[in-house]
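Visitor: Fit chain B with the ligand to the supplied structure of chain A, relying on the hints for placement.
Given next are the chains, with one letter for each unit.
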Amino acid sequence: MHSESFWRKDIFSTDHKTIGKQFLFFGIFFLLFGGFQAMLLRWQLAYPGQPVPWWLMGFLYEGTGGIIDPDGFNRLFTMHGTIMIFWAITPILIGAFGNFLIPLQIGARDMAFPTLNMISFWTFFLSGVVLLLSHFLPAGSASGGWTSYPPLSLPGGGIPGLGQAFWTLSVTLMGAATMMGAINYIITVIRLRAPGMTYWRMPLSVWGLWLTSILNAIFVPVIAAGLIMLLLDQLLGTQFFVAGRLAAGGGGDPLLFQHVFWIFGHPEVYILILPVWGIVSDLLAIYSRKPAFGYKVTSICMSTIVVLSSIVWGHHMYTTGMSPLLGKAFMFLTLLISIPSSIFFFNWLGTLWRGSLHFDPPMLYTMSVIWVFGLGGLTGLYNATVTSDIYLHDTMFVVGHFHYTLAASVLFGGFAAIAHWFPRMFGRMLNPLMSKIHFWGTFITLNLVFFNMMVVGYAGQHRRIYNPSEYEFLQPLADMNVFITYAALVLGLFQILYLFNFVWSLVKGKVAETNPWRATTLEWTMDYPIPHGNFGEIPQVYHGPHEYSNPNTDQDWAPQTVEIKSS
Amino acid sequence: MNKAIQLNDRFGAATTGKLGMWLFLVMDALTFGTILIGGIGLRNAADVWPTAGLILNVPLTAFNTFLLICSSFTMVMALNGVQKGDRKSFIKYLALTIGGGVIFLGVQVYEYTHFILGSNELGVVLSQSGFSGTQFLPFTGMYGAVFYTTTSFHALHVLTGVIYLSVILTQAVKGQYGSDNYDRVEVAGLFWHFVDLIWILVFTLIYLL
Ligand SMILES: [Cu+2]
Numbered sequence: 039m040h041s042e043s044f045w046r047k048d049i050f051s052t053d054h055k056t057i058g059k060q061f062l063f064f065g066i067f068f069l070l071f072g073g074f075q076a077m078l079l080r081w082q083l084a085y086p087g088q089p090v091p092w093w094l095m096g097f098l099y100e101g102t103g104g105i106i107d108p109d110g111f112n113r114l115f116t117m118h119g120t121i122m123i124f125w126a127i128t129p130i131l132i133g134a135f136g137n138f139l140i141p142l143q144i145g146a147r148d149m150a151f152p153t154l155n156m157i158s159f160w161t162f163f164l165s166g167v168v169l170l171l172s173h174f175l176p177a178g179s180a181s182g183g184w185t186s187y188p189p190l191s192l193p194g195g196g197i198p199g200l201g202q203a204f205w206t207l208s209v210t211l212m213g214a215a216t217m218m219g220a221i222n223y224i225i226t227v228i229r230l231r232a233p234g235m236t237y238w239r240m241p242l243s244v245w246g247l248w249l250t251s252i253l254n255a256i257f258v259p260v261i262a263a264g265l266i267m268l269l270l271d272q273l274l275g276t277q278f279f280v281a282g283r284l285a286a287g288g289g290g291d292p293l294l295f296q297h298v299f300w301i302f303g304h305p306e307v308y309i310l311i312l313p314v315w316g317i318v319s320d321l322l323a324i325y326s327r328k329p330a331f332g333y334k335v336t337s338i339c340m341s342t343i344v345v346l347s348s349i350v351w352g353h354h355m356y357t358t359g360m361s362p363l364l365g366k367a368f369m370f371l372t373l374l375i376s377i378p379s380s381i382f383f384f385n386w387l388g389t390l391w392r393g394s395l396h397f398d399p400p401m402l403y404t405m406s407v408i409w410v411f412g413l414g415g416l417t418g419l420y421n422a423t424v425t426s427d428i429y430l431h432d433t434m435f436v437v438g439h440f441h442y443t444l445a446a447s448v449l450f451g452g453f454a455a456i457a458h459w460f461p462r463m464f465g466r467m468l469n470p471l472m473s474k475i476h477f478w479g480t481f482i483t484l485n486l487v488f489f490n491m492m493v494v495g496y497a498g499q500h501r502r503i504y505n506p507s508e509y510e511f512l513q514p515l516a517d518m519n520v521f522i523t524y525a526a527l528v529l530g531l532f533q534i535l536y537l538f539n540f541v542w543s544l545v546k547g548k549v550a551e552t553n554p555w556r557a558t559t560l561e562w563t564m565d566y567p568i569p570h571g572n573f574g575e576i577p578q579v580y581h582g583p584h585e586y587s588n589p590n591t592d593q594d595w596a597p598q599t600v601e602i603k604s605s
Numbered sequence: 002m003n004k005a006i007q008l009n010d011r012f013g014a015a016t017t018g019k020l021g022m023w024l025f026l027v028m029d030a031l032t033f034g035t036i037l038i039g040g041i042g043l044r045n046a047a048d049v050w051p052t053a054g055l056i057l058n059v060p061l062t063a064f065n066t067f068l069l070i071c072s073s074f075t076m077v078m079a080l081n082g083v084q085k086g087d088r089k090s091f092i093k094y095l096a097l098t099i100g101g102g103v104i105f106l107g108v109q110v111y112e113y114t115h116f117i118l119g120s121n122e123l124g125v126v127l128s129q130s131g132f133s134g135t136q137f138l139p140f141t142g143m144y145g146a147v148f149y150t151t152t153s154f155h156a157l158h159v160l161t162g163v164i165y166l167s168v169i170l171t172q173a174v175k176g177q178y179g180s181d182n183y184d185r186v187e188v189a190g191l192f193w194h195f196v197d198l199i200w201i202l203v204f205t206l207i208y209l210l
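These protein sequence lines are chains A and B, in that order.
The opening position of the first sequence corresponds to residue 39 in our numbering, with each subsequent residue numbered one higher.
The opening position of the second sequence corresponds to residue 2 in our numbering, with each subsequent residue numbered one higher.
Bound-form chain A, shown alone (with noise of 0.2 Å):
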């Protein structure tokens, strides 16, 4: 192996491992700006009208004499959003472990397109600059909720300068690095599993992660076509999502710009999730020492959600004056998916169920996302609910049930992965005493963030208030508002530790044994440093990934390479 220069090995590096590595690290950068802004939305809910103090960084807001003003207010949530779901949990999940993982453990040397895959993450990290400038205009950012939806985002509904055509440009060229990413994860999965890794022999996390990709390959192409006419209104001045009196010449359809957002919005939730789905499945098995209860079923089921998660979106829209025959369509169609969800969460229960539970720090982040989703997807049911859905939409109920489903689940089963594959990343263990007192506070706190949200919004507090204060019945939930944002603060300090902990880990982390987690799976092979084509030799696959406990061999787990012999 000849020897890179540093930037062909560490910048523009063509090996996945790396670019995993890099989208990790732009990741977790993201993570920390979003949820920044959360706190400071939480500091205007508890105390509206009152200065920033200095610990959340009150000189941004000198401009404004100390406070954050309304149009501030509507950029912080809709930049919290649009960060927190592309520019976070879409680099986390999608672009370090589907990186990471897939070609090692289905056993291939690398991407099927190692050079589309540096040029994807470079397309990403510019989409995040485009992102990260915006805040810098003179009119500032984009304030239209991270839907974006017209007519408000086009010019003439009231946000002033360039800060929505910013939006739209990053989220556009987030959109395509996505795209050049699910080719990709697709092709290489097809392509390049080693001999005897058949599909039914792929670990879950592969296999959450594909189905993902097979999602993005097809809905991202959607979203990016309204997103080329949603620029086309903002810049060129066409009127594609203009109606009524804002329109001139003829005008078009606002709802048109709803219908195709969500066509790719509802999928794009599967899409987050999805990996956590398979890692969960699959670390469940690592630290119970059983094989996955129900492997085929769960892939079936995950596959089954990703069929129906197409035909739903019409959820998102019931009170823009749909039909209540389509509604209640969509509604059927909605309820179905709890189903096979509910399948896969009972074969998590079953995997656990008698196992020799090891309660590493990877397991406790993975069992809090059974506890997360399961409360996610049961509150979800209202909103899938026409009728309680026209009671609950645009409350805060909403947004505590999708910061359970998609902060909670998968933050958590992102704080999971990176527990369980650090080792193998870095070398190095994170560090255990730090990660579990992570955990603690994490999931204590999350939870009362969360779930008081619910509360305060089936009693009716708007999901994009300014200022609860003003209204009088709102004004008995003034103490919960400060009781949330002082959780939320917790939260926040428990990830300045999460912080501390892993770049310590990274240089001091106690060094890591080749299988510190006595894994089967094929990422778990080689010695670190993991070389660039990752195998020595393409290895042969005997059997699927999840053999521990196996009487028929001498320790509890076999790894995929080993033939078991049946006695």
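Please note that a few of the clues may not be correct.
Unchecked claim - If you want a taste of the chain B side facing chain A, the calculated C-beta under 8 Å gives, among others:
hint	residue
1	T17
2	L31
3	Y165
What the hints assert, rightly or not - Residues of chain B placed beyond 10 Å of chain A at every Cβ, according to the derived structure:
hint	residue
4	G39
5	S90
6	V103
What the hints assert, rightly or not - SDA-like, lysine to any residue: derived pairs with alpha carbons at most 25 Å apart:
hint	chain 1	residue 1	chain 2	residue 2
7	B	K19	A	G234
8	B	K19	A	P233
9	B	K19	A	I157
10	A	K366	B	G42
11	B	K19	A	I228
12	B	K19	A	K366
13	B	K19	B	N81
Read the hints as simulated data drawn from the structure, not as lab findings.
Each residue gets a CB set at the ideal place from its N, CA and C atoms; glycine is no exception.
Guide: Below, chain B with the ligand alone, put in the same frame as chain A:
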């Protein structure tokens, strides 16, 4: 590097590059599909929609369509050439294909300029269609928006195709391809045929109907 390529999967002997291109084309078709279907929906909702051929120059664009179909044909001939090891005909037909794409773009630029600069005759036609002014622009009603968005997005593809094929041509001149090595030519050809196919849809929906 990719020694692990398994040729015994259900996609048979299709190369990895070809599979990747096919997948990309499916995705691209979804983007185009959204724009086209969105355009149809917006057209049905629009108050003003000119009769076909009143504003747009159908004969000129019919020629352009014919040209693009011919360039698809020359692309097939180019691939045929390289597969047979006939380097001369490979390069000749590839150059003709690129030429076809360039002329196509030229005609479209001419059409755009004509519309954007505007003229009194154009003004007459526009007022017959229910629009004001002497220029036909992206914000001349929903008609202008749909026309410019669809055709310029397609033109972007033609431009990409021209650049893509020019890279292949440069490599071909350097002698990179032969009867045992033509996968990239085939993959580039797939893209070119796709762009051609989409144009036939665009031409039908925007110009003829
Ligand atoms: Cu949804």
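Visitor: Could you run down the list of hints and mark each one as holding or not?
Guide: Hints, verified against the model:
Because the closest C-beta pair between T17 (chain B) and chain A is about 5 Å apart, less than 8 Å, the hint holds. With a least beta-carbon distance of about 4 Å to chain A, the hint placing L31 (chain B) at the interface is held under the 8 Å criterion. Taken as an interface hint, Y165 (chain B) does not check out: its beta carbon lies about 14 Å from the nearest beta carbon of chain A, beyond 8 Å. The non-interface label for G39 (chain B) is inconsistent with chain A: the shortest C-beta to C-beta separation is roughly 6 Å, within 10 Å.
No beta-carbon of chain A is positioned within 10 Å of the beta-carbon of S90 (chain B); the least distance is around 30 Å. Every CB of chain A is more than 10 Å from the CB of V103 (chain B) (nearest about 25 Å), matching its label as outside the interface. As the CA atoms of K19 (chain B) and G234 (chain A) are separated by approximately 24 Å, the hinted pair is consistent with the 25 Å bound. Restraint check for K19 (chain B) and P233 (chain A): satisfied, since their Cα atoms lie roughly 22 Å apart, inside the 25 Å limit.
With a C-alpha separation of about 19 Å, the suggested pair K19 (chain B) and I157 (chain A) falls inside the 25 Å cut-off, and the hint holds. The hinted pair formed by K366 (chain A) and G42 (chain B) meets the criterion: a straight-line CA distance of about 23 Å does not exceed 25 Å. Simply put, K19 (chain B) and I228 (chain A) have alpha-carbon atoms about 13 Å apart, close enough for the 25 Å limit, and the pair holds. Pair hint K19 (chain B) plus K366 (chain A) does not hold up; C-alpha atoms about 43 Å apart against a cutoff of 25 Å.
Between the alpha carbons of K19 (chain B) and N81 (chain B) the distance comes to roughly 17 Å, so the proposed pair stays at or under 25 Å and holds.
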